[in-house]
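Asks: Read off the chains here:
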Amino acid sequence: MYLYLSIEDWLRSLKDQFYLNFIDDDRYMYIVKGLGVTLEVTFFAVLLGIALGILVAIIRSTYDKIGKEALDDWKNYSRGNKSLRNIWKGFLTWSLWFWDQICRLYLTVIRGTPVVIQLMIAYFIIFASSNNKVLIAILAFGINSGAYVAEIVRSGIMSIDNGQFEAGRSLGFNYIQTMAYIIIPQAFKNILPALANEFIVLIKETSVSGYVGLQDMTKGGDIIRSRTYSAFMPLIAVAAIYLIIVMFFSKLVTMLERRLRNSER
Amino acid sequence: MNDNVLIRVNDLKKHYNNGAIKALDGISTTISKGEVVVVIGPSGSGKSTFLRSLNLLEKPTGGTIEFEGQDITSSKTDINKLRMKMGMVFQHFNLFPHLSILENMTIAPRKLLKMSKADAEAEAKRLLDKVALGDRANAYPSQLSGGQKQRIAIVRALCMKPDVLLFDEPTSALDPEMVGEVLDVMKDLARDGMTMVVVTHEMGFAKEVGTRVIFMDGGQIIEEGTPDEIFDNPSNERLRTFLAKVL
Ligand SMILES: Nc1ncnc2c1ncn2[C@@H]1O[C@H](COP(=O)(O)OP(=O)(O)OP(=O)(O)O)[C@@H](O)[C@H]1O
Ligand SMILES: [Mg+2]
Numbered sequence: 007m008y009l010y011l012s013i014e015d016w017l018r019s020l021k022d023q024f025y026l027n028f029i030d031d032d033r034y035m036y037i038v039k040g041l042g043v044t045l046e047v048t049f050f051a052v053l054l055g056i057a058l059g060i061l062v063a064i065i066r067s068t069y070d071k072i073g074k075e076a077l078d079d080w081k082n083y084s085r086g087n088k089s090l091r092n093i094w095k096g097f098l099t100w101s102l103w104f105w106d107q108i109c110r111l112y113l114t115v116i117r118g119t120p121v122v123i124q125l126m127i128a129y130f131i132i133f134a135s136s137n138n139k140v141l142i143a144i145l146a147f148g149i150n151s152g153a154y155v156a157e158i159v160r161s162g163i164m165s166i167d168n169g170q171f172e173a174g175r176s177l178g179f180n181y182i183q184t185m186a187y188i189i190i191p192q193a194f195k196n197i198l199p200a201l202a203n204e205f206i207v208l209i210k211e212t213s214v215s216g217y218v219g220l221q222d223m224t225k226g227g228d229i230i231r232s233r234t235y236s237a238f239m240p241l242i243a244v245a246a247i248y249l250i251i252v253m254f255f256s257k258l259v260t261m262l263e264r265r266l267r268n269s270e271r
Numbered sequence: 009m010n011d012n013v014l015i016r017v018n019d020l021k022k023h024y025n026n027g028a029i030k031a032l033d034g035i036s037t038t039i040s041k042g043e044v045v046v047v048i049g050p051s052g053s054g055k056s057t058f059l060r061s062l063n064l065l066e067k068p069t070g071g072t073i074e075f076e077g078q079d080i081t082s083s084k085t086d087i088n089k090l091r092m093k094m095g096m097v098f099q100h101f102n103l104f105p106h107l108s109i110l111e112n113m114t115i116a117p118r119k120l121l122k123m124s125k126a127d128a129e130a131e132a133k134r135l136l137d138k139v140a141l142g143d144r145a146n147a148y149p150s151q152l153s154g155g156q157k158q159r160i161a162i163v164r165a166l167c168m169k170p171d172v173l174l175f176d177e178p179t180s181a182l183d184p185e186m187v188g189e190v191l192d193v194m195k196d197l198a199r200d201g202m203t204m205v206v207v208t209h210e211m212g213f214a215k216e217v218g219t220r221v222i223f224m225d226g227g228q229i230i231e232e233g234t235p236d237e238i239f240d241n242p243s244n245e246r247l248r249t250f251l252a253k254v255l
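So the sequences go chain by chain: P and W. Throughout the first sequence, residue numbering follows our numbering, covering 7 to 271 in sequence. Throughout the second sequence, residue numbering follows our numbering, covering 9 to 255 in sequence.
For the record, the hints were derived by calculation from the structure and aren't laboratory data. Note that this is a predicted model, so its numbers are computed, not measured. Just so it is clear, CB atoms sit at the ideal spot from N, CA and C, and this is done for glycine as well. Do not rely on the hints blindly, as some may be mistaken.
[Claimed, not checked] Below, in silico cross-link-like pairs of lysine-lysine (DSSO-like), each with a Cα-Cα straight-line distance of 30 Å or less: (1) W:K119 <-> P:K71; (2) W:K89 <-> P:K74; (3) W:K89 <-> P:K71; (4) W:K169 <-> W:K195; (5) W:K122 <-> W:K138; (6) W:K89 <-> P:K81; (7) P:K74 <-> W:K93; (8) P:K71 <-> W:K21.
[What the hints assert, rightly or not] On the chain P side, residues computed to face chain W include the following (Cβ under 8 Å): (9) G169; (10) Q170; (11) A173; (12) R175; (13) F179; (14) N180; (15) Q192; (16) K195.
With the hints as extra help, turn the sequences into a complete structure.
Replies: Okay, here's the thing in structure tokens:
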């Protein structure tokens, strides 16, 4: 009897809690709207990250593959040669070197500092004059993700045997064609799972958006907690939603990996 | 001079580490149309470097290479145009694993020579039949044996209708029982008049189809001559030592 009543009490209190935290005052909207923000920031940050990452990876691997040698060449044989063609060649080679240095700096700084600090620097310092929090978060997380994507893509390019590159060049393809037709398609297959994983990492990382007052899902749950003085319901709900999204994507990645493994080679 | 000259190499040098390593140390020779030049020599003698310099996969540090009358080491040459006319076959085949056999063979003619898909595929199939692999057109490289892969690599190069084919140890990565099928394809090519430069350890091939044999050591050409001259009456001491080891 006593036990029965206590379970009933517990269920009732659970119901009350649920009502208090989600229904009352339409508080669930904090989480729904927050989820929208989280997804929006993640989605566009991933796109930005991939674009930036591919660009950086191509600059870095181009410099590694042909830039270094061209630079040595230029230093050893062409420096004194004042023909227009040679000056142009020197300019291109040194530009590549310069951009490679910029990329390295970018990778070092971004991967060497916490993303939440980067977000705060973006919001409070770099874009202090703007109040478009979503856009700033997209930029900050996109630029952050780009550094990790760059290393994923670069390792993908570098993992392709140099013989593939030589075979392409020996047929008469130029550097860009060889990259486009031979190297990137193979590299892409290899890194697709890692790229998908980057999305999973990013969606969790956006949970620090509250530091700049952006109301993402985490912040939404936290606002409910501060209104109702009960932490359990809102925080568990938020955690569960992250978990469901991540599990959904992990499943997708696994399926993708299996598909890729089963296809030729 | 001789109209038949296809490649003229003059004092070709390839130095590494500011001259500390001389992979090529002044190579001069000419290769005429229809010749099958076989390059032999001990490991590290510069055979690959020489071959790969011919299509500028290695950039020479000195000397000149003329191909069809044009100095290809000059910075004005369009390297990519030139490579279209010089096919290359690698020790490890280097087929493109993400493309089918047919795609491996047609991608370059279609993208570079702007051939139509139908024309490129017709030509590819004709060549596939020639190497008895007509039924594998839609297979992928991973589904082929080593010997089959190398035969595909050869016909892939042929699809660009090159004026010369360069081979770097085309049978060295093959199981012994597959060497013959690849050499047979190369012999057919030689018989059809294809100009070939072949780095190989297959002395039987050199004797049988080589029109000229070049013996390299220490980045230099030590001896060159007909197979008879090289194999039957080697005068040079280093060549004799080398032949004693490989024959
Ligand atoms: N990138 C490099 N840096 C320094 N030395 C090199 C480099 N590439 C080649 N060499 C040297 O150049 C020399 C010639 O090499 P090469 O590969 O042409 O020899 P090979 O005759 O083809 O030998 P093998 O029969 O083993 O294939 C070797 O001594 C090699 O160590
Ligand atoms: Mg070699």
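Asks: Next step is simple, just say for each hint if it's right about the structure.
Replies: So, going through the hints one by one against the coordinates:
| no. | hint | in the structure |
| --- | --- | --- |
| 1 | W:K119 <-> P:K71 | holds (23 Å) |
| 2 | W:K89 <-> P:K74 | holds (24 Å) |
| 3 | W:K89 <-> P:K71 | holds (21 Å) |
| 4 | W:K169 <-> W:K195 | holds (17 Å) |
| 5 | W:K122 <-> W:K138 | holds (24 Å) |
| 6 | W:K89 <-> P:K81 | holds (27 Å) |
| 7 | P:K74 <-> W:K93 | holds (28 Å) |
| 8 | P:K71 <-> W:K21 | holds (22 Å) |
| 9 | G169 | holds (4 Å) |
| 10 | Q170 | holds (6 Å) |
| 11 | A173 | holds (4 Å) |
| 12 | R175 | holds (7 Å) |
| 13 | F179 | holds (7 Å) |
| 14 | N180 | holds (5 Å) |
| 15 | Q192 | holds (5 Å) |
| 16 | K195 | holds (7 Å) |
Going down the numbered hints, you'll see the structure goes against none, and every one checks out.
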